[in-house]
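Number of protein chains: 2
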Amino acid sequence: MLTSIPAPVGSLLDGGTAYAVGITLWDKPVSRILTVAAAQLGPIQRVDGRPAVIKRMCALLTQAGEQGCDLVVFPELALTTFFPRWYMEDQAQVDAFFEAQMPSADTQPLFDLARALKIGFCFGYAELVEEDGRLRRFNTSILVDKDGKIVLKYRKIHLPGHAEDEPWRAFQHLEKRYFEIGNLNWPVVRTMGGVMGMAICNDRRWPETYRVMGLQGVEMVLLGYNTPRHNPPAPEHDRLSEFHNQLSMQAGAYQNGTWVIGTAKCGVEEGCEMIGASSIVAPSGQIVAQAITQDDELVVARCDLDMGRAYKDGIFNFAKHRQPDQYRLIVERTGAIAPE
Amino acid sequence: MLTSIPAPVGSLLDGGTAYAVGITLWDKPVSRILTVAAAQLGPIQRVDGRPAVIKRMCALLTQAGEQGCDLVVFPELALTTFFPRWYMEDQAQVDAFFEAQMPSADTQPLFDLARALKIGFCFGYAELVEEDGRLRRFNTSILVDKDGKIVLKYRKIHLPGHAEDEPWRAFQHLEKRYFEIGNLNWPVVRTMGGVMGMAICNDRRWPETYRVMGLQGVEMVLLGYNTPRHNPPAPEHDRLSEFHNQLSMQAGAYQNGTWVIGTAKCGVEEGCEMIGASSIVAPSGQIVAQAITQDDELVVARCDLDMGRAYKDGIFNFAKHRQPDQYRLIVERTGAIAPE
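Protein sequence lines correspond, in order, to chains A and B.
So for the first sequence, our numbering puts the first residue at 1; every next one is plus one.
So for the second sequence, our numbering puts the first residue at 1; every next one is plus one.
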């Protein structure tokens, strides 16, 4: 820890302001700067087994280790192809995409490698769990710390798409069929020197997602997604997919003074094109680093967790400026009701 | 009304798709397409009297009439210089910037001209009102319909800045001193063929603002602002002012499928630079038109109020996708509380 060690800046810096910057940098606990990777995954076809996927994830982890990363964020439903694109009636066929254990025999190598490299990581998977005396299914992500311990679990709340067969769509989006709505709210945890939260895919378009975590002081939101370019009900917006993706993450970051690590599974998967553009977004809303391929790619940035402070204490000082009494409609009404 | 008149497209269009587009255009009730102007105002100095300002606003109204506008949106606190930049102890001195009547003798020409031109308009002013047996002061905006009737009033909820003298600032921002928090929530009204709402300046950075109106089916948010480039507590963000302005309005528009008409008072006012970039933002989040000066300037766009429909019925179908139970923290907590 370099905290409270005087800044050895002397002759390198010329004058008061620069000297002060030097002091700020050196005075900071090292643990508040995290080197983070968005580990984008290219397409995973249906025939690809979990071991092949884990091998790719391990290759990215190894690369992250070489680049000095502290934390690696993988996409939503990282272990298989994006199966909600198919309507299936046979529950056994559906459940083949789910994980009943975590870690499992298949995923253990990922946990082992990360612990050996002393890297924290986060990824999404389809979770099958016995809870409340019945089998339940969630679209889940977990955060694993540098010691290999699962320190945070999140279950996706904003499930997009539909629940019934809609064969007119080139690709269906049956998340509302295969998953229950998450029942863990948006928890945050203090780990790796910061306050971490998670969200999954469609969650990122809803400002409520970031705000609930912002109210818990979140400093970094870990967010995986699988986003088909083509949205059958509104194909005229397909060309805006990347713009909407970025806009949502940038606004969420800025309005809560938090980092957002958005990681895509992308490319042409089973004939369906999914957008990439995995991004590391600063608390200023600026995109610091972004993927340039539609394939396995590591996007790395050094993230100063204190960077959100000026927003959290200033223009977005919630205690000073928020007016919760005026927001009641947000929880009292679900759908929109327009005046007569 | 062209509704239900068959589309006279015939030979102009070649093929099925184009023909369908022609029908859609002509089949639409004319009243759902509004030609709207963001009437940006350049600086207003302290010595400028209201009559001089009203004259400038009338010139913009006349121009809007020539361009076939239905609705003109003026900035926040449009009638005077942005007085919260000064600390004043003499209440009479403060109240000189307020309006005790609306319309007043000074503003009547604006109302008269707009009615003659059959143009609706919206502007902001400092409102002094006797209410609940006492004098109260709000940062207010009103919407006036084409017949000159005030159909909507909004009082600013997110007052930025501070309440006490902070002489270390090059320019102060004493909105919390001179105004009470608005007590009308964010009302909307059906007028000019659409559902209209209003917000003022700092409101635009808070997603709650748009969402409360989105839950009332808002189709167009009329939003005036005065935004100093320089924010004394975080000067390192000054260069991001336009970016944050756009980001907030674009996200609010997209996430609620609504038009946003953002209108600045801008330029160097009493030595203080304020950003311009008045913008008309579509429900897609795209900026359709934007000011290019720091002076009086009319920014015009034809706005199809039905354009938000695909968002409201699709990806942001609130009734289908929102989970208010999960949003409770938004109203139950004001300031952020981080985990231990």
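Calculated directly from the structure, the hints in this document are not laboratory data.
From the three backbone atoms N, C-alpha and C, an ideal C-beta is built for every residue, glycine too.
Fair warning: there could be bad hints in the mix.
What the hints assert, rightly or not - Using C-beta positions, here's what the derived DEER-type ranges look like: (1) Glu131(A) <-> Pro167(B): 39 to 49 Å; (2) Gln93(B) <-> Ile292(A): 49 to 59 Å; (3) Ala163(A) <-> Asp95(B): 29 to 39 Å; (4) His230(A) <-> Ala52(B): 36 to 46 Å; (5) Gln93(A) <-> Asp325(B): 27 to 37 Å; (6) Asp112(A) <-> Asp325(B): 32 to 42 Å; (7) Gly271(B) <-> Thr334(A): 47 to 57 Å; (8) Asp165(A) <-> Arg32(B): 31 to 41 Å; (9) Arg136(B) <-> Glu332(A): 24 to 34 Å; (10) Glu180(B) <-> Ala163(A): 45 to 55 Å; (11) Gly68(A) <-> Pro232(B): 57 to 67 Å; (12) Val268(A) <-> Pro339(B): 40 to 50 Å; (13) Gly133(A) <-> Asp238(B): 55 to 65 Å; (14) Glu340(A) <-> Arg136(B): 51 to 61 Å.
query = Against which earlier hints does the structure fall short, listed by number upward?
reply = 1, 3, 4, 11, 14
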